[in-house]
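Listed in order, the protein sequences are those of chains A and B. Read in order, the letters of the first sequence are residues 1 to 116 in the numbering used here. Read in order, the letters of the second sequence are residues 1 to 112 in the numbering used here.
It should be emphasised that the hints constitute simulated quantities derived from the structure, not laboratory data. Each residue gets a CB set at the ideal place from its N, CA and C atoms; glycine is no exception. Please note that a few of the clues may not be correct.
[Stated by the list, open to error] Just a few of them, taken from the derived set where beta-carbon distance is under 10 Å, the chain A residues facing chain B:
#1 F34
#2 Q42
#3 T57
#4 S95
#5 G98
#6 G108
[Unchecked claim] No more than 30 Å apart at the CA atoms, straight line, and that leaves these computed lysine-lysine pairs for DSS-like:
#7 A:K41 x B:K57
#8 A:K14 x B:K42
#9 A:K66 x B:K42
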Amino acid sequence: GAVVSQHPSWVICKSGTSVKIECRSLDFQATTMFWYRQFPKQSLMLMATSNEGSKATYEQGVEKDKFLINHASLTLSTLTVTSAHPEDSSFYICSALGQLNNYGYTFGSGTRLTVV
Amino acid sequence: GENVEQHPSTLSVQEGDSAVIKCTYSDSASNYFPWYKQELGKRPQLIIDIRSNVGEKKDQRIAVTLNKTAKHFSLHITETQPEDSAVYFCAAHETGFQKLVFGTGTRLLVSP
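Bound conformation, chain A alone (with noise of 0.2 Å):
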């Protein structure tokens, strides 16, 4: 079936810093990709989508200077994370949807990132 490898798994950064996330598809492409932010005991919220080669689009309230989204090819999209600070400590999870555009939404195994 359709595979998201999403690295790292976790990671802890000093505030300031900036923090990238990838998530590949290893074995189809995916033409769109879906980035979701989860806070502790709350829903999926997504915060942008992004088609392969084009500039992503953001939901109401996402500031996209500080969530930059690169969807450069058909198999890798990245999250970088900027100036973070420890309000933006989050499970960040990638969601691909590949050609056939089925609605076979395959998540990545997560992000748990960590501002201190």
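With chain A held as given, fit chain B onto it using these hints.
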């Protein structure tokens, strides 16, 4: 945009009982409704899904029903087992914006 509401937020049942989780959605154009099970610190796992042209779907102990007119869909788990304990999320695929909107989640606890 789409808005998905989910109830209850927590559900405690005894092993062997049935569990029902209900969701409502707002956008009549939504046409795909998956259910996910998420264990602590892990990715959501698709357990069952239903499309808008179907009213009911069953997979062993799990079933989903969809009422398009009322815009609600439900997850039914029969003969619950302790390993069913997890957080369950419903979601709706918002056709116009090509994205998945999640419900608020239900924490299911199955006691032996």
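Which numbered hints turn out to be false for this structure?
Hint 5 contradicted; others consistent.
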